[in-house]
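Participant: With the hints as a guide, bring both chains together as one complex.
Residue numbers (my numbering), protein chains in the order written: chain Z, 4 to 497; chain P, 581 to 692.
Don't read these hints as lab results, they were simulated from the structure.
One thing to keep in mind: the hints can contain errors.
BS3-like mimics (lysine-lysine), calculated; alpha carbons at most 25 Å apart, straight line [unchecked claim]: (1) 157(Z) with 676(P); (2) 358(Z) with 448(Z); (3) 165(Z) with 676(P); (4) 157(Z) with 358(Z); (5) 676(P) with 110(Z); (6) 157(Z) with 356(Z); (7) 361(Z) with 157(Z); (8) 495(Z) with 54(Z); (9) 110(Z) with 157(Z).
So the derived label-pair ranges between C-beta atoms look like this [stated by the list, open to error]: (10) 665(P) with 65(Z): 22 to 30 Å; (11) 474(Z) with 657(P): 39 to 47 Å; (12) 436(Z) with 672(P): 47 to 55 Å; (13) 419(Z) with 680(P): 17 to 25 Å; (14) 687(P) with 66(Z): 34 to 42 Å; (15) 657(P) with 427(Z): 47 to 55 Å; (16) 587(P) with 291(Z): 53 to 61 Å; (17) 57(Z) with 587(P): 50 to 58 Å; (18) 606(P) with 464(Z): 25 to 33 Å; (19) 158(Z) with 632(P): 51 to 59 Å; (20) 272(Z) with 587(P): 30 to 38 Å; (21) 584(P) with 295(Z): 46 to 54 Å; (22) 49(Z) with 672(P): 52 to 60 Å.
Cβ coordinates follow ideal geometry from the N, Cα and C atoms, glycine included.
What follows is each chain in one-letter form.
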Amino acid sequence: MMNNIIAFPMIIPLLTGIILVFFRNKVIVQRIISMISILATLGISIYILQKVLSNGILRLDFGGWLPPYGILFVADSFSMLLVVTTLVVTAILLVYAFSSIPKAFEKMFFYPFLFFLIAGVVGSFLTGDLFNLFVCFEVMLLSSYALITLGGRKIQLVESIKYISINVLSSWFFLLGIAYLYGSVGTLNMAHLSMRVAEVGQGPVLTVISIIFLLVFSLKAGLLLYYWLPGSYSAPPTVVAALFGALLTKVGMYAMIRVFTLIFYHEPQITHTLIGIMAVITLIGGSVGAIAYNDLRRIVSYNVIISVGFILIGLAVSTESALQGTIYYLIHDMIVKALLFLIAGTIIYLTGKTKIEKMSGLIQNYPVLGWMFFVTMLSLAGIPPLSGFIGKVYIGQGSIEAGAFILLGIGFLSSIFVLYSLLRIFMNCFWGETIISVEDEVPIKKGMIVPIVLLGILTFGLGVGVEAIAPYVSDAANTLMNPQIYIDAVMKRN
Amino acid sequence: METLITILIGVLVTVAVYLLLSRNLIRVILGSAILSHAIHLLIMTMGGLKKGDAPLLGENSNSYTDALPQALILTAIVISFAVTAFLLVLAYRIYKETGTDNLNELRGFNDE
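Just chain P, with the same shape it has in the complex (with noise of 0.2 Å):
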């Protein structure tokens, strides 16, 4: 099972960089959220899957499952979602200013 996630995620960073390297803002910020998808999956995978019951006091078990990836990975996921809700903002700001979405004609520093 461990494999089979491990696989995913390659494919998952796979398909975000090409998105992280194209010229279309947009595609980027979608890269970038694709991203954050696998780590999550990383950060679960190496907690290790489902090893045992759900760590409850109640539950009589012998093994219990890592619960701390989960709330780490809880964590990550507010926070890229926050990031990609203000990106997505800024690309939205950026073309009404500039009129394009193109990162080739946003390049250089001018002094305006």
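Chain Z extracted, bound-state conformation (with noise of 0.2 Å):
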């Protein structure tokens, strides 16, 4: 099925950013601007999805260009639900941006690069065509320098020399796996590379060439190779790092399952087990990492880790449940993540400290902060009815089905260490003496709590209504079980 409306998605951002280049000064208009361009974004997703389950995958050949000689835009239920959890997660980011960024920021096209950030984002999500993934990927990683060292602070700038490098060896890894595909198989195009290395067999040199892109995903997602994760998302400010924490790891994951599911499933002794134990290891350190330290942004950071290899283990284990169980992870952790971001910059900001041991007793200054930051960590950790629950569930049914026990076993006992990561942090700044006076109270602002709320109730509401989503989640989950009907979509002549 052709349909122009899938390119929107990633245009509507993509303007809505250089429109807003023009607004430099008029602040209320740039905010006006950008919350209009995100609901409606927003709206015509759901639209997107909700053709998508009816009528099957859609493309958009642009220029006519027929697959696999044109790039194309694939919207199938998968790209979709992530495209509108990420939309529901930046318009939520965008309250909280309003009442906490600096009015020099947004002076200085804050509003901008935010869009040019979900326009690679959401491209990322939609495109058909592996070179246009890696376009789509410098959008959104240049994006993220600027937002990263908005404002120059003396650590954002030192931070941020090293997330940069590690990217641009990254971005170096990406084309190199393109020109060596390139040069074996002959073609760019994600369903015509499924069919062609169908032909030819996966090789070894097919599987060496899956490795350099497993490299590539893997430092972009924070799958064992995560060292400058911690550092850079500690660094800007707390909406940034929201933003990242929510998004940018993501999207390494979406492009290591599609092309692992799509491209690159005929080896999965090789590189399904190589997936499976980086998780196991990702896990290991993420869990160390989040008990080993005092400061807030720290720790919150080494839960996005664990997240990770969590979420990888579905994809190590590759059965259509453990499957299905990654996306529902998948977009639970969008939500909840962002709503741990935002809850960790509330409290520095409320305190004006970093270090847990040095608050305390902080639930009777600000009830409602600290309720909602009981739910978050319900939440990760996994309890019904939360959101987390659902995707705990179908992983583990998946790998139990695989007889995968011991990604099982570890998957399961990271959720104990997150459980404690935060409790950690729940014990020490919340319950307790308080230390702070009643003149000394740092007023919480409304446009602060709201968007905080908003996601807790997401959270809440993803979990009860489970129901809602299914249908999406079954037959994405259907589509990575089975190529052919993404090949087939792709590659009909309509």
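Facilitator: Put into structure tokens, the structure is as follows:
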């Protein structure tokens, strides 16, 4: 099915970004335009998601060049679910940005960069061409470079140089993989690649190329190669950190899932085993990091790493229910990581401190914030009826079906570490005697607590109303399990 | 010809890796620039060097050169140009802010 509408989720943010540049000094106008634009994009994306479920996978060949010659966008349930979640999370983060980002930042093109970032993220989800994926990654990364350095504090500059260097190197490896792949099979269209790889068989050369891609996406997702992550996610302003924590690693994971279910799925005993081993080491490293530090931002960043390991257990196992769990958990993690970063940032804003042992009794001063943190903690640990539960159940079920008991055990053990690391924050910061006197108490802004509550409602809603998204998720997992559905949708002449 | 270019790519990567491993920030940036040149050459070599005429409709030839790698390289060059420009500005800001371009002195995570 051809349909022009699937270009909109990327084009609207791109155009909005350009338009916002011209309203540099009119902050109110910038806010209004960005809110309207993100809601419009969200509406269109939900419509597309609905259409994909009823009509099958949609595609758009740019310039009328039929596949495999041209560049194209492909919208299946998996990519559209992630696009919709991205836009929901961004809309809520925008509300938080309105009240937390200094005026000076808003005049230094904060919103345009944010929209370029969203355009890159959405483009990466929608593209059906490997080189176009690289370009969308770069759009996203360049905006993230600008956002991470915005403000130019010393720590931001020092952390950003690591972040940028590691990403330049991983982009280089991405091009390397693309060059070798083009040299060996002569195409870059993902569906066509899948056909060609299936025809010639995934021999040793193609498996090595697949491992180059694994390396690239692991660097972006923070699978095993996560050493850059805690530092760079701790430096920028709260909203930017929340945006990174919620979206950027997920794009790497999406690309990995797409490539290893659509193209390189013939040698799972090599590639998927490697992913499993990397996921286990990531889980262990992330768990150790999360309980080792006393710095709030560090603990939260290491929680991102644990979830990366957990989500990719689903890919390592690759049964239908494990992939369903992976999709549920990706959606849940985008929402709840944004929530976690917002709460951590708000605590730091309110107390002016980052070490957890220097805080106490915050729940008496800010009860809503405290209870929202409690909800986040339970959701991350996977307690029903919150949204983390269903993903864990499905990934666990998939692991049992595949007999991967080590992955299952370590995955579920990591939940306990997540719970412990966050419980430590809860005990230290929220319980005990309050040390802030009534006159010193910094009032919490409405614009900060409202987005936190909204995300909290969302994680609760996603847990209770999981039936509502179940048909989309099972359709997405079905497409991932059967690459032929994707290939037919792309290569069909109509 | 392909072999020669491949050796050249190897030399470029060697130079780039040497530069990337140094402590000086500017050298690291130059290293990343050279690395990108190496990969552009590699993409071109992977598509096969000149195998026929220019891929234009007017030409009546039996074989045409593959034009896709050139399109890929053009895009990649623009991107690496933008990233290098950004990195250079960042290096300048870091130098202004910290007074050093030595990466060893920029280590560590401080809680301000």
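Participant: Indicate, hint by hint, whether the structure satisfies it.
Facilitator: Okay, the hints, checked on the actual structure:
no., hint, in the structure
1, 157(Z) with 676(P), "holds, 10 Å"
2, 358(Z) with 448(Z), "holds, 22 Å"
3, 165(Z) with 676(P), "holds, 18 Å"
4, 157(Z) with 358(Z), "holds, 19 Å"
5, 676(P) with 110(Z), "holds, 23 Å"
6, 157(Z) with 356(Z), "holds, 18 Å"
7, 361(Z) with 157(Z), "holds, 24 Å"
8, 495(Z) with 54(Z), "holds, 18 Å"
9, 110(Z) with 157(Z), "holds, 20 Å"
10, 665(P) with 65(Z): 22 to 30 Å, "holds, 28 Å"
11, 474(Z) with 657(P): 39 to 47 Å, "holds, 45 Å"
12, 436(Z) with 672(P): 47 to 55 Å, "holds, 49 Å"
13, 419(Z) with 680(P): 17 to 25 Å, "violated, 43 Å"
14, 687(P) with 66(Z): 34 to 42 Å, "violated, 48 Å"
15, 657(P) with 427(Z): 47 to 55 Å, "holds, 49 Å"
16, 587(P) with 291(Z): 53 to 61 Å, "violated, 44 Å"
17, 57(Z) with 587(P): 50 to 58 Å, "holds, 56 Å"
18, 606(P) with 464(Z): 25 to 33 Å, "violated, 51 Å"
19, 158(Z) with 632(P): 51 to 59 Å, "holds, 55 Å"
20, 272(Z) with 587(P): 30 to 38 Å, "holds, 36 Å"
21, 584(P) with 295(Z): 46 to 54 Å, "holds, 52 Å"
22, 49(Z) with 672(P): 52 to 60 Å, "violated, 45 Å"
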